Amino acid sequence: MTALRDPVPRVLVDCGVYAEGERVPGEFTPAGAMAKVREIEATGRDAFVWVGLHEPDERQMQAVAATFDLHELSVEDAVHAHQRPKLERYDETLFLVLKTVNYVPHESVVLPRQIVETGEIMIFVGKNFVVTVRHGEHSGLSDVRKRMDADPEHLRLGPYAVMHAIADYVVDRYVEVTNLMESDIDTIEEVAFAPGTRTDVEPIYQIKREVVELRRAVAPLSVPFQRMQTDYKDLISKEVRRYLRDVGDHQTRAAEQIASYDEMLSSLVQAALARVGMQQNTDMRKMSAWAGIIAVPTMIAGIYGMNFDHMPALHWVFSYPLVLVAMATICTVLYRAFRRNGWL
1442 MTALRDPVPR VLVDCGVYAE GERVPGEFTP AGAMAKVREI EATGRDAFVW
1492 VGLHEPDERQ MQAVAATFDL HELSVEDAVH AHQRPKLERY DETLFLVLKT
1542 VNYVPHESVV LPRQIVETGE IMIFVGKNFV VTVRHGEHSG LSDVRKRMDA
1592 DPEHLRLGPY AVMHAIADYV VDRYVEVTNL MESDIDTIEE VAFAPGTRTD
1642 VEPIYQIKRE VVELRRAVAP LSVPFQRMQT DYKDLISKEV RRYLRDVGDH
1692 QTRAAEQIAS YDEMLSSLVQ AALARVGMQQ NTDMRKMSAW AGIIAVPTMI
1742 AGIYGMNFDH MPALHWVFSY PLVLVAMATI CTVLYRAFRR NGWL
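Read in order, the letters of the sequence shown are residues 1442 to 1785 in my numbering.
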């Protein structure tokens, strides 16, 4: 057994050697694992190594890159992250970038600042190795590795079967998060148009922003999955391509559903803005109606407040109560007229 002297401490999550679908007992460094793979291949058996890394820095990633002869451009992408989902080929190595998504639980769609959080998984796949580089706390692959360890038949298909398993896991999360987002959208629609409430557009913009974030993770993968079926037949076996085609179908359905959410929210924003405009018009009419009613006593008081000596009924004993009655009568007539016309 090769001793574990890890050149990338704290970032090396796991390093396993697989031969004929079974994990070889022992702990390995990446270099030691590759040496073990070559030793097994010398006996005529198929073997590969699966290395899992979590947020390595440049020095740590270079140590792994030297072992597996990874291209410097792909290594740079793996270190700095924040990459668009893509698939690239460097000689006999495929480099796949996947965006991971996670649904953040919340009690109300009006209160949370974040509904969908994202991470990244970079996958380097060669003839006899798989290197996964993860960014983000929610993008763990321990469940995938356990499931693969329990499925020797699938592992016998080689490193690209591991790539399929990871892609399948990520796309399943797309579908799950997309379905959870649907209930949020239904809720925000009910809240936005509930009778007797004022429309708040901000929560709609917020959930639309989360849908856009989800779309950026899912939609760009359509082309990579299509290219896996057509461009890399010399690398990916027919059996693995069948599995990848099924994953691609799930990704397409998720992308189409997200696109429909985006369109629905755009329509919802327009409808909400129209309702806000109607609310503002109603408020303006009420303000105008009250301003018109208040203008009557203001005008009369202003006239009789000019302090001229010669004014009608200025010294009449009933002038004061008469003016008050006139003000009240005119204001009441105006109030009823505005109510009848729907302004109040």
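Derived by calculation from the structure, the hints in this document are not laboratory data.
Among the hints, erroneous ones may be present.
[What the hints assert, rightly or not] Cross-link-like lysine-lysine pairs, in silico, PhoX-like; alpha carbons within 20 Å at most:
1) Lys1568 with Lys1477
2) Lys1527 with Lys1674
3) Lys1649 with Lys1568
4) Lys1674 with Lys1568
[As the list claims (entries may be wrong)] Quick list of the computed label-pair ranges, beta carbon to beta carbon:
5) Ala1769 with Val1642: 40 to 50 Å
6) Val1764 with Met1705: 58 to 68 Å
7) Ala1732 with Val1758: 30 to 40 Å
8) Ala1715 with Glu1517: 22 to 32 Å
9) Glu1631 with Asp1675: 45 to 55 Å
10) Thr1773 with Ser1708: 41 to 51 Å
11) Met1719 with Val1766: 30 to 40 Å
12) Ala1507 with Leu1621: 22 to 32 Å
13) Ala1715 with Lys1568: 53 to 63 Å
14) Leu1714 with Lys1674: 15 to 25 Å
15) Ser1708 with Val1766: 28 to 38 Å
16) Glu1463 with Ala1507: 22 to 32 Å
17) Ser1729 with Val1642: 44 to 54 Å
Since the model is a prediction, treat every value here as computed from it, not as a measurement.
Cβ coordinates follow ideal geometry from the N, Cα and C atoms, glycine included.
Here's how the hints hold up against the structure:
1. Of the pairs offered as hints, the one joining Lys1568 and Lys1477 holds, with about 15 Å between alpha carbons and a cut-off of 20 Å not exceeded.
2. A hinted pair counts as satisfied when its Cα atoms are at most 20 Å apart, and Lys1527 with Lys1674 qualifies at roughly 18 Å.
3. At roughly 42 Å between alpha-carbon atoms, Lys1649 and Lys1568 are farther apart than 20 Å, so this suggested pair is violated.
4. At roughly 13 Å between alpha-carbon atoms, Lys1674 and Lys1568 fall within 20 Å of each other, so this suggested pair holds.
5. A hinted range of 40 to 50 Å holds for the C-beta pair Ala1769 and Val1642, which are about 42 Å apart.
6. Taking the beta carbon of each, Val1764 and Met1705 are about 60 Å apart, inside 58 to 68 Å as hinted.
7. The hinted window of 30 to 40 Å between Ala1732 and Val1758 holds, with their beta carbons roughly 33 Å apart.
8. Distance hint check: the CB atoms of Ala1715 and Glu1517 are about 48 Å apart, inconsistent with the given range 22 to 32 Å.
9. A hinted range of 45 to 55 Å for the beta carbons of Glu1631 and Asp1675 is consistent with their spacing of about 53 Å.
10. The given range of 41 to 51 Å is respected by Thr1773 and Ser1708, whose C-beta atoms sit roughly 45 Å from each other.
11. Taking the beta carbon of each, Met1719 and Val1766 are about 38 Å apart, inside 30 to 40 Å as hinted.
12. Checked against the hint of 22 to 32 Å, the pair Ala1507 and Leu1621 fails, with Cβ atoms roughly 42 Å apart.
13. Checked against the given bound of 53 to 63 Å, the beta carbons of Ala1715 and Lys1568, roughly 59 Å apart, stay inside it.
14. For Leu1714 and Lys1674, the Cβ-Cβ distance of about 51 Å falls outside the hinted range of 15 to 25 Å, so the restraint is violated.
15. Under the hint 28 to 38 Å, the C-beta atoms of Ser1708 and Val1766, about 54 Å apart, miss the expected range.
16. At roughly 28 Å, the beta carbons of Glu1463 and Ala1507 sit within the given window of 22 to 32 Å.
17. Under the hint 44 to 54 Å, the C-beta atoms of Ser1729 and Val1642, about 24 Å apart, miss the expected range.
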